[in-house]
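**Student:** Residue numbers (our numbering), protein chains in the order written: chain Z, 28 to 544; chain U, 28 to 544.
Some hints here could point you the wrong way.
[As the list claims (entries may be wrong)] Which stretches of chain U does chain Z cover? Using the computed rule of at least three CB atoms under 8 Å from a CB of chain Z, they are:
#1 56 to 64
#2 338 to 349
#3 389 to 395
[As the list claims (entries may be wrong)] Taking beta-carbon pairs under 8 Å as the criterion, some of the chain U residues facing chain Z (in silico):
#4 Val304
#5 Val384
#6 Met385
#7 Leu428
#8 Val458
#9 Pro517
Hints listed in this document are in silico derivations from the structure and should not be mistaken for laboratory results.
C-beta: ideal position from N, C-alpha, C; glycine also.
Number of protein chains: 2
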Amino acid sequence: MPDRLPVARIRHARRTPGGVPRLPWRRIVNPFTPLEILSADQVEAIHGAALTILRDIGVQVLGAGALDRFEAARAHVEREGGARGPAGQVRLDPAQVEELVSRAPSRFQLHARNPERGLVFGDRHLVIGAVGGPAFVTDLDRGRRAGNAADFDAYVRVIGSLDIIHQEGGGPLEPTDLPVETRHLDMYRTLATLLDKSWQCLAFGRTVVEDAADVACITRGIDRDTLVREPSLMTIVNSNSPLRLDGPMSDGLIAMATLGQPVVATPFTLAGAMTPVTLAGALAQQHAEALFMVALAQLVRPGTPMVYGGFTSNVDMRTGSPAFGTPEYVKAAIATGQLARRVGLPHRSSNVTGAAVMDAQAAYESEMSIWGSVMGGASLLYQGAGWLEGGLTASFEKLILDAELLQQIAEVLTPIVVSDAELGLDAIAEVGPGGHFFGTAHTLARFETAFYQPMLSDWRNFETWQEDGARTATERANGIWKQLLAEYEPPPLDSGRAEALDAFVDRRKREITASAG
Amino acid sequence: MPDRLPVARIRHARRTPGGVPRLPWRRIVNPFTPLEILSADQVEAIHGAALTILRDIGVQVLGAGALDRFEAARAHVEREGGARGPAGQVRLDPAQVEELVSRAPSRFQLHARNPERGLVFGDRHLVIGAVGGPAFVTDLDRGRRAGNAADFDAYVRVIGSLDIIHQEGGGPLEPTDLPVETRHLDMYRTLATLLDKSWQCLAFGRTVVEDAADVACITRGIDRDTLVREPSLMTIVNSNSPLRLDGPMSDGLIAMATLGQPVVATPFTLAGAMTPVTLAGALAQQHAEALFMVALAQLVRPGTPMVYGGFTSNVDMRTGSPAFGTPEYVKAAIATGQLARRVGLPHRSSNVTGAAVMDAQAAYESEMSIWGSVMGGASLLYQGAGWLEGGLTASFEKLILDAELLQQIAEVLTPIVVSDAELGLDAIAEVGPGGHFFGTAHTLARFETAFYQPMLSDWRNFETWQEDGARTATERANGIWKQLLAEYEPPPLDSGRAEALDAFVDRRKREITASAG
Chain Z
28 MPDRLPVARI RHARRTPGGV PRLPWRRIVN PFTPLEILSA DQVEAIHGAA LTILRDIGVQ
88 VLGAGALDRF EAARAHVERE GGARGPAGQV RLDPAQVEEL VSRAPSRFQL HARNPERGLV
148 FGDRHLVIGA VGGPAFVTDL DRGRRAGNAA DFDAYVRVIG SLDIIHQEGG GPLEPTDLPV
208 ETRHLDMYRT LATLLDKSWQ CLAFGRTVVE DAADVACITR GIDRDTLVRE PSLMTIVNSN
268 SPLRLDGPMS DGLIAMATLG QPVVATPFTL AGAMTPVTLA GALAQQHAEA LFMVALAQLV
328 RPGTPMVYGG FTSNVDMRTG SPAFGTPEYV KAAIATGQLA RRVGLPHRSS NVTGAAVMDA
388 QAAYESEMSI WGSVMGGASL LYQGAGWLEG GLTASFEKLI LDAELLQQIA EVLTPIVVSD
448 AELGLDAIAE VGPGGHFFGT AHTLARFETA FYQPMLSDWR NFETWQEDGA RTATERANGI
508 WKQLLAEYEP PPLDSGRAEA LDAFVDRRKR EITASAG
Chain U
28 MPDRLPVARI RHARRTPGGV PRLPWRRIVN PFTPLEILSA DQVEAIHGAA LTILRDIGVQ
88 VLGAGALDRF EAARAHVERE GGARGPAGQV RLDPAQVEEL VSRAPSRFQL HARNPERGLV
148 FGDRHLVIGA VGGPAFVTDL DRGRRAGNAA DFDAYVRVIG SLDIIHQEGG GPLEPTDLPV
208 ETRHLDMYRT LATLLDKSWQ CLAFGRTVVE DAADVACITR GIDRDTLVRE PSLMTIVNSN
268 SPLRLDGPMS DGLIAMATLG QPVVATPFTL AGAMTPVTLA GALAQQHAEA LFMVALAQLV
328 RPGTPMVYGG FTSNVDMRTG SPAFGTPEYV KAAIATGQLA RRVGLPHRSS NVTGAAVMDA
388 QAAYESEMSI WGSVMGGASL LYQGAGWLEG GLTASFEKLI LDAELLQQIA EVLTPIVVSD
448 AELGLDAIAE VGPGGHFFGT AHTLARFETA FYQPMLSDWR NFETWQEDGA RTATERANGI
508 WKQLLAEYEP PPLDSGRAEA LDAFVDRRKR EITASAG
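Isolated chain Z (complex conformation) (with noise of 0.2 Å):
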């Protein structure tokens, strides 16, 4: 390179001095038109196999309160031990299924704390959540341990201090020193008061949803009508694939659509294990399950609004072992935008790898499910940033990686700008032949923000580089995830809301306490 700059100031940096730079809020819409690896005929077929699925075979429901609700609306309910059993059969006839599906709306929008923070699933918006659920946690310097509060909390202010993490995952990952049954409340706290983005409720059951849904009301200051009307959490139901919903799962379906807050319906569907080997028979059943737990929401409250769940990858068929980020991930999660659109819905995708380390199967794999999903047109990547490991692990590092990786997309989808001004024949006249463009005053009125700065990508050539301490990425990953925890500064809660949120917890924490005791 001939010539250097003096060093400017990053673009977008929201920076406190020697701040990390970021790209500030936004939402972010997809420009591109979503591909098409289905001709319309198979999107047909599959679909017709789906619908097959639920009229022949059907889904195995454990839960009472779900079975009254399809017993109600004149399902095919075959009930194990008796009439009120909590176990039972449910087959749907197409029609029914149709009907149901399109109860719910092609989009919605999702209320946070903040009000600028609040989302739209649906219409090319890319919504983009953090890992949720790994029971373990992990970074360079304390490798992997359970799952703990404190890294809970950390963890939970990393993803405040990245605002290309539009919504929290559900508990970037357990807080197993916690008292199970009282763990919700310590994890909704935590979740509602350092952040102000959206966050997501946990799912295994109606007290988890319900508890979430006063803690929203508090922080939001809204009451419970309000929150009907203007819906503030969400959550990921998963069936348990092949073909079964359990009782925890369709309860907290219940719970949430009897509020109005939309659900996240994800079939798990591992190709090979939990569904047939085949790419179309996983869709079929992935299709088959997502339905079905789309129109039983709908029979609690028409319209609750929904997203479509995919989640198709594969085994490993030598060893069994979950394979995540692979060219079939890539395809069915191009698939999976097809079919949800077929039935008119948002869908959900994920950024996923079966790395056991932050290296660079970790990067290659989360960039394949990343652009998949992208260019599948999912209106939510869950699992966005952080997962590990096939989703056992939260890790530091992996978290900031893929926030660069987040970053960069999102400057992928914004659009080129070409003008007389964008152009610059004047600048390419005025540089000539064998010039260079450095100290052109086109390039001086722009050159602050012409280019995405990254925060992880280093460009140095190799002796500075290698004079610096030769850091990998996931070296100097670690450093950025610190010093970001280092900066958080949550932001403000009304005093009165934070007390009554203290308050909420408090009560709840004895109720919960003593009807166990």
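Following the hints, position chain U against chain Z.
**Tutor:** Coordinates of chain U only, in the frame set by chain Z:
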């Protein structure tokens, strides 16, 4: 995972016992409609701006041969230093540019020593080329060092062992320990004997092109007339951006066109340094320079096959360092596809990274490049495997990483089969709710070939991975290239041709040494 299968034969394996799983040789046809990041109006604006650049500013040409050709075609040529001077400014009328560019075919074939390794450029074919040109070579054991003949030989063998790489890239590293005047002959002999697939020749001047033509004729057993009818060589010609074509490059371009051999006309347009800091300006200048080189080749020999080379990236405006695999790179790659299709040419893109070492950054910048290129409908993914450190270094481990990424993208580009058998409703009915599919007849009939089998990814659980040495992807890649190198058997070359090749190389070395002495 509830169950395990016995270790299966690995899909597509071209195996010696213990061999590395790899995809077999295949032509790749991209089924996806190329992305569009520019509107039709924007494409026209950039195309028009490029024509304006060529009309009003022009390109500085160093090279009497090229200037003579332009003068003979009645272009506007201002020669420096008199009527026969070797430098001058060339301006072209838009209509002449359009007419000349229209002479180049939209699709062509390239022949290889092995007839089954022939290639197609255009019509959604995707050709993957290896790294070309680095001055350094690196691996985990020996670190970064100057390119040398022994590493050249070893690197070419690993390229030969990877069928996902369709074409060698013109010397994966510079063998700096060989005499510079005759180095190209040693390189060509190594490429032509160790590989039976397509390899690129060098482009700096007539001699290296003519010698390559002889090597191609000898090893294919054809004469020069057949070579012209059956193009068998390809090379990259770079303009010296902004708006300059140097002497060796213009001579090499003319020599290739004279022989009817395809040229990849590639401006080296780093936005902010060699072009305006805006993407629109960089693309306009890239388009002008690419069309200029295409026009020159068509003046030499109408119908010479050409590939439109896109290599627009950006520099880090804080330091001037070049950056690769950035969001801007991706957007330029997609736009380049639109510009190339506008003029009816196949186009080249690249797999690039600015990382100093094979780490997560190298992986994500490469994935960004690959996805941007493939989604943009690239005909040739040059620098597809092995490129590190902004092209300064060929990495053995990166070669394996890239082969993995490319195999995965090739699998993404294969269609999903949807049929009654693939939908597998019988299997879904047989397994029923809550079961698993490992043992079904539907699975057993397909599990060996159902999914892509990676060479580099490790999906074992954390404990098993840790007990087996906790090796990162980079460390595993180190073992893989060594195994491939140890097992590689070069494709046999007819002994008469091999002797003729040796005799040719010896004779040419004597001639060159004598004329230099």
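**Student:** Would you check whether U/Val458 satisfies its interface hint, that is, whether its CB is within less than 8 Å of any CB in chain Z?
**Tutor:** The hint holds - U/Val458 has a Cβ within 8 Å of chain Z, the shortest such distance being about 6 Å.
**Student:** Does U/Val384 pass the interface check with chain Z, least Cβ-Cβ distance below 8 Å?
**Tutor:** U/Val384 check passes; min Cβ-Cβ to chain Z is 6 Å, inside 8 Å.
**Student:** Let's test the interface hint: is any C-beta of chain Z closer than 8 Å to that of U/Leu428?
**Tutor:** This interface hint holds because 6 Å falls under the 8 Å limit.
**Student:** Answer holds if the nearest beta-carbon of chain Z is closer than 8 Å to that of U/Pro517; otherwise answer violated.
**Tutor:** 29 Å, violated
**Student:** Against chain Z, is U/Val304 within 8 Å by beta-carbon distance?
**Tutor:** 4 Å, holds
**Student:** Is the coverage entry for the region 389 to 395 of chain U by chain Z consistent with the three-residue Cβ rule at 8 Å?
**Tutor:** holds (count 7)
**Student:** Counting residues of the region 56 to 64 of chain U whose CB is closer than 8 Å to a CB in chain Z, do you get three or more?
**Tutor:** Answer holds; 6 residues pass the 8 Å Cβ test.
**Student:** Does the nearest C-beta of chain Z fall within a distance shorter than 8 Å of the C-beta of U/Met385?
**Tutor:** This hint holds: U/Met385 lies near chain Z, its Cβ roughly 6 Å from the closest one there, short of 8 Å.
**Student:** In terms of beta carbon proximity below 8 Å, does the region 338 to 349 of chain U have 3 or more residues touching chain Z?
**Tutor:** holds (count 9)
Comparing the model with each numbered hint stated earlier shows that hint 9 is the single one that does not hold.
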